[in-house]
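Produce the complete structure using the sequences and hints provided.
Chains A and B are the protein sequences, given in the same order.
Residues 1 to 319 (full-length UniProt numbering) make up the first sequence, in order.
Residues 1 to 330 (full-length UniProt numbering) make up the second sequence, in order.
Take these hints with a grain of salt, some might be off.
[Claimed, not checked] Derived contacts from chain B toward chain A, CB cut-off under 8 angstroms, selection only: (1) 57; (2) 59; (3) 81; (4) 82; (5) 86; (6) 89; (7) 90; (8) 91; (9) 95; (10) 105; (11) 106; (12) 117; (13) 120; (14) 152; (15) 154.
Derived from the structure by calculation, the hints contain no laboratory data.
Glycine included, every Cβ here is placed at the ideal spot set by N, Cα and C.
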Amino acid sequence: MRQYILRRLLIAVPSLLGISLVLFTVLALAPGDPFAELVTNPNVPPEVAAALRTKFGLDDPVSVRYLRWLAAMAQGDWGFSFVSRMNVDTLILQRLPTTLYVIGSAQVLALLIAIPVGVFAATRPYSIFDQIANTLAFIGFSLPTFFTGLLFILVFSITLDWLPFVYTTDIKATGIRWVIEHVRQAIMPVMVLGLFQAASMTRFVRSAMLDVIRLDYVTTARAKGLGQSRVIVKHAMRNAMIPVVTLVALQMPAVFGGAIVTEQIFRIPGIGSLLISSILSNDTPVVMAVTFVFACLVVLFNLIADILYGWLDPRISFR
Amino acid sequence: MAPLLEIKGLKTHFATDDGMLRAVDGVDITLNKGETLCVVGESGCGKTVTAMSILKLIAMPPGRIVQGQILFEGRDLVPLSSHELDDIRAKDIGFIFQEPMTSLNPVLSVGEQVAESLRRHEGLSNKDALARTVEMFKLVQIPNAEARVHDYPHQFSGGMRQRVMIAMALACKPKLVIADEPTTALDVTIQAQILDLLQDMKERFGMAVMLITHAMGVVAETAQRVVVMYAGKVVEEADVDSLFESPRHPYTQGLIRSIPRIDLAAAHKTRLEAIGGSVPILINPAPGCRFAPRCRYAFGRCAEQEPVLREVAPGHRMACHLEDVRGETA
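Structural data, given as structure tokens:
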């Protein structure tokens, strides 16, 4: 098992290298340049700008710059943000916990809704409950998060004034008040992201369960007189969860993408809004580092999914 | 002596897009304590649905028991809820399914799959249930039982999986075991072993066996009494000797003629006889005898009037108009 995880991590190294190469090349080819402002600024003489470019190696070929970035990265030097005047790693470490907190809670919420609702709907296909669940799920994944986000703000913040609509990391309170405020401001973004995820996951859980429920071994389990709930939970659900794990893992990039949008709406100072603002200000080192962190997270979630497979399905051995 | 199981006028129908499918349409079967009864017939004749109806293991909906009684030790099972039936399932009536490859849960160890029913019905602890499972595995001759209870189904061959299924069905020492084509999915050599094992177990535990099959060879080897089904109905019922010696119904005769015989094939170079045509679709069946379109003796009355099952000799019942004609001309 330990050996398997180690090997999977080693396999992840070349794929991360590939991802970073592509990212770097695309960013190098993209228009915009951290020194664009210097060039248009009349107070900076052109030869100073040119000297700065040479000093930072911006005129070198892409391949040389990539290798230089890689070498620095390997030594733990993630670069320096032109805009914030801070080291990129400090900047990311400031932002990442907020993003993980919001996305993590949203995923947990989505699973807490999707699994029971999907399983229950599958045990009573075409019942009233199933029809209602299906309709709500359909509405849920038809509405984009930027729309539901604005709708939530309009209803819960502006009309009802129950929840704050701007997310802040420095809450001026201590003890239990601090915890409550943190939870309160996270409710809307977590709901928006979580419900959107839950909608498609519910449909998926339902169809995975429907596939399993008519299989022979479920009939065998019923013939043993174990009772409906035991048959469903012990015999059907465990098998149905195998494809669900795949879906959740494969959706992780989309979840991070969705989080970028949601972070913009609720002004969450997370890694997604950092990415957007640094793209807009041509802060290349930050863009590079953030996208690379996203890539690492996606690789990590795929690894977790593979380990879960082995735990759920004894036919898969860690070889 | 009161029979162990008495099925009276059972009708199990399935709702389909094209109308009501009458899979089982008025079946009477009686099974005595300690008896081996074979139910034979082609695929799609309603054998499996009849068996599954006993413990309500058919999908409901679309399936529904429309009419009839299923008396087990005098108690009617039809009005019972699935929850109430749970106390009878595995405890009093064990089930062996056709496909050992798909009938075991791939993600649970085989030992657990046997032990869970012991815990449920006998109230055994984890440890005792496992010990009993090992004991059952030894009885059904799974080698190295102590270690193999912890293995998963994919680590077993088809024959070994069917042994696990038998151990599972017998674990709670039921009074009746229903085996739905237990050997159909297996190699010929393994088939004989599994049938022998079933016979052994039956003698050891003294239970009754309802064996569903379409192989007449299996019937001849194992049955005491035989029920022949065609298109959702019982067409003939007799003890095994009189059925093979003097089959009365043209369908039964056809089934027996279609058994390959090496001696005849070699001597006469004859082609194997088959029953022409196929099982009718059971949505809005035509009036009259359901076998008439395929019957070589069919005459006027067959298409109009449905023959009823009645006694033609002691312990021999069948449903065909030919018997009346024979009676009238004799």
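Here's how the hints hold up against the structure:
1. 57: 6 angstroms, holds
2. 59: 7 angstroms, holds
3. 81: At about 10 angstroms, which exceeds the 8 angstroms cut-off, the nearest Cβ of chain A leaves the hint on residue 81 (chain B) violated.
4. 82: Hint holds; residue 82 (chain B) Cβ to chain A Cβ min 7 angstroms, cut 8 angstroms.
5. 86: Constraint on residue 86 (chain B) satisfied, holds at 4 angstroms.
6. 89: Hint on residue 89 (chain B): holds, closest Cβ of chain A at ~3 angstroms, below 8 angstroms.
7. 90: This hint holds: residue 90 (chain B) lies near chain A, its Cβ roughly 4 angstroms from the closest one there, short of 8 angstroms.
8. 91: 6 angstroms, holds
9. 95: Cβ of residue 95 (chain B) sits 4 angstroms from chain A, so the hint holds.
10. 105: 4 angstroms, holds
11. 106: Holds, about 6 angstroms.
12. 117: 4 angstroms, holds
13. 120: 6 angstroms, holds
14. 152: With Cβ-Cβ at 4 angstroms, under 8 angstroms, it holds.
15. 154: At about 5 angstroms, which falls below the 8 angstroms cut-off, the nearest Cβ of chain A leaves the hint on residue 154 (chain B) intact, so it holds.
Consistency note: the structure conflicts with earlier hint 3 alone.
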